[in-house]
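All chains should be built: construct the whole structure from the sequences, respecting the hints.
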Amino acid sequence: MPILELQNLKKYFATQKAVDDISLNVEKGQIFGLLGPNGAGKTTLIRMITGIFYPDEGNIIFDGKKFDPINDVAYIGYMPEERGLYKKMKIGEQAMYLAQLKGLSHKEAMEKIKKWFIRFEMETWWNKKVEDLSKGMGQKLQFVTTVLHEPKLIILDEPFSGLDPVNSNLIKDEIFHLAQAGSTIIFSTHRMEQVEEICDHIVLVNKGKKILDGTVKQVKQDFKENLFSIGTDQTTISADANAPFEIVGAKDHSYVVRIKSGNSPNDVLRHLLQQNISIHSFNEILPSLNDIFIKLVEGTPTARQFQKVTA
Amino acid sequence: MKKTWIIIKREYLTRVRKKTFIISTLLFPLLYILLIFGMGYIAKESVQNLKVAIIDSSGYFTAEKLAFQNSIDKSSTLLLVKEEAQKVIADHQAEGYDGYIIIPAMNWQTGTDSLFFKANKSYGSSSTTLVESKLNRIWNEIKNDSLQIDGEKQKILAGSHLGLSSKNIKDERANVKIAEGIGYVSGLLIYFILLIYGSQVMMGVMEEKTNRIAEVLVSSVKPFQMMLGKILGIGLVALTQFFLWIAFVLIVYNIGKATGGTDGITGQVVGNMQNLFSSVDVPLILFCFGFYFLAGFFFYSSLYGAIGSAVNEDMREAQSLSFPITMLVILSIAMMSAAIANPTSPLAVWASIIPFSSPIVMMARIPFGVPNTVPWWQLGLSMALLILGFVFTVWFAGKIYRTGILMYGKKPTWKEMLRWAFRKN
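Heads up: the protein sequence lines correspond to chains H and F, in order. Oh and the first sequence: position 280 is 305 in the numbering used here, straight run, nothing missing. Oh and the second sequence: position 361 is 872 in the numbering used here, straight run, nothing missing.
Derived by calculation from the structure, the hints in this document are not laboratory data. Incorrect hints may have been included.
Computed Cβ-Cβ distance ranges for the label pairs, DEER-style [stated by the list, open to error]:
| no. | chain 1 | residue 1 | chain 2 | residue 2 | range |
| --- | --- | --- | --- | --- | --- |
| 1 | F | PHE754 | H | ASP46 | 55 to 61 Å |
| 2 | H | ASP88 | F | ILE762 | 57 to 63 Å |
| 3 | H | LYS113 | F | TRP516 | 17 to 23 Å |
| 4 | H | VAL273 | F | LYS926 | 42 to 48 Å |
| 5 | F | ILE841 | H | GLN32 | 49 to 55 Å |
| 6 | F | PHE703 | H | GLN32 | 17 to 23 Å |
With a straight-line cut-off of 25 Å between C-alpha atoms, the simulated SDA-like cross-links for lysine to any residue are [to be verified]:
| no. | chain 1 | residue 1 | chain 2 | residue 2 |
| --- | --- | --- | --- | --- |
| 7 | H | LYS113 | F | GLN659 |
| 8 | H | LYS276 | H | ASN301 |
| 9 | H | LYS154 | H | ASP182 |
| 10 | H | LYS42 | F | LEU929 |
Nothing here was measured: the structure is a model prediction, and the numbers come from that model. From the three backbone atoms N, C-alpha and C, an ideal C-beta is built for every residue, glycine too.
What follows is the structure, encoded as structure tokens:
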């Protein structure tokens, strides 16, 4: 059963169709990538899921029931892209305040804060103020306050920006941990290598519409261009008109070939072996999410244009 | 509701624990006292002690008479000049005088209105009045001598006069002076609280918006709860400060009374306070003060909060948007002066009933007496309208706040903000 189901969500602003008829399902325990260029409507979509905005049209089903922002926000943890903490407030009190606003009692909150502070080696920070922290430290604190109340759904918007590789890994491990423990994570970012590493399922939105939806594996299969790399010690491979492939690139002793339609990789190997070419390696080249992203989004204007909306 | 309470607690505690709160609570009464004494002192010190040459052609002003007056009244020195008169007129500063007065030949029965204090510089009237009254005392002496009025008759002439002041026959205790004083102090206090704490609400909202913590918070609580929590929390801070001041006054009063000083400043203060307690209805005034203070605070601070949510970190934007609201508060204080001068005039009555000015103006009228100066129906109507007023502004501000707190970019106009407030959902 999906933990979150969006049905034909629409949100129009005066000059933009920010979210224009988007439907998607997020399964329990999934790490779900919500991707899209700047201004695609991701933030508006997230704000509807977190109960900040009401959709103009469409339904949000949370955990099998119609989403009730007032009560259900207690089960959601949201870390916005722009970091937000009170600069002058002590760190311990800040974590306590945000936890209590999520509905935890003082005692519960204290236990959980202690646990997380120890895990993130933040015990000595309790009486420091946020303005004393570096950007990365602030990020860690923000992450802790987001997941402290053990939400069923965690929404992270660019959680790694400003973090060094060590702390990035720390947070990444926690994300895997939380997913294993049963939390669902919606992960919004532009950094495609992180998506490939972390996400199970992705959705790509552009100009307020969903343009791609599937597992990372499936998406890569869907967008593969039948490219293979061949490593050989031969200096030249020739492909005549009868060959089941064409050469699209060559570098030193490796070649990139595209299999012509109607042929299989085995046909390529058979053809090469018949020519007595010794082969060291033969790999399928799957497109990176980065390539897919650029391919899909390319051609649309980089900035969304303002338009008159008649809804 | 529980979440609003958590927000109130944070807003209250973070402010009350700040050093600036403690310092301002202690310093405000001190500054207030300093201001009152300081202004008196400055007014006294700014009067110059003038050395004036008297060039007399009338023959009435003798050196002895001047010397006698100089010995009683040291605020100026008048010296008779005869031989050096030409030199003084040519250059009075070289002769060591601040200026000179030429008294023409005249009759003691008519006197003259055209005397001039001639000097190279301009002098304020506060300095010349002292010289004028001194000259008139000498002139009285001269007239008395000429009319042959002796010391006994002079005493009668000077001492016997008729005095007039107003008395409220329905309210025997009413004392206009004290009512005016209380009216001014409570009106001004509300004025300060509205401006200072109103802008604190605005700054607090702006801080949350620019810190971007607003976005974290609105995913936990409703924007309306956020705004309400902030207003109530800061209102409690103002209330705390106010109670501390009252406590301060009561402690001073009781210490003064206990030490039994009947003379000196403490005695005077204690005496004044007893006078005050006996001449006005203290519980009613305190109750009304509490009401108008809180209701007025809700009325204005919600509007300030709405502005804070609409602007970005730029203080100038906030100032230009909040200008109309600040103007309303300042207009109220202008009407307060009029209301104190004449507490039953139509202006005073209406200004104390209309919500935006009633917190300040009504508070200035109440000390004059309820129900004689301020009938019960006026007080009731004023309170009811103010409650309706703040319910409306809080609702209105909540609508603007909800949209504004997450909007970044251009500063909205009042027109756009009105559209946010009145659109559906």
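Results for each hint:
For the pair F:PHE754 and H:ASP46, the beta carbons lie near 57 Å from each other, so the given range of 55 to 61 Å is met. The hint said 57 to 63 Å for the Cβ distance between H:ASP88 and F:ILE762, and at roughly 59 Å that hint holds. With their beta carbons about 22 Å apart, H:LYS113 and F:TRP516 fall inside the hinted range of 17 to 23 Å. For the pair H:VAL273 and F:LYS926, the supplied restraint of 42 to 48 Å is violated, since their beta-carbon distance comes to about 59 Å.
One distance hint, 49 to 55 Å for the beta-carbon pair F:ILE841 and H:GLN32, holds here, with the actual separation near 54 Å. For the pair F:PHE703 and H:GLN32, the beta carbons lie near 54 Å from each other, so the given range of 17 to 23 Å is not met. Of the pairs offered as hints, the one joining H:LYS113 and F:GLN659 is violated, with about 82 Å between alpha carbons and a cut-off of 25 Å exceeded. Restraint check: the Cα-Cα separation between H:LYS276 and H:ASN301 comes to about 20 Å, which is no more than 25 Å; the hinted pair holds.
Distance check on the hinted pair: H:LYS154 and H:ASP182 sit about 24 Å apart at the alpha-carbon level, within 25 Å; holds. Proposed proximity of H:LYS42 and F:LEU929 is supported: the alpha carbons are some 23 Å apart, at most 25 Å.
The structure fails to meet hints 4, 6 and 7 from the earlier list, while all remaining hints are met.
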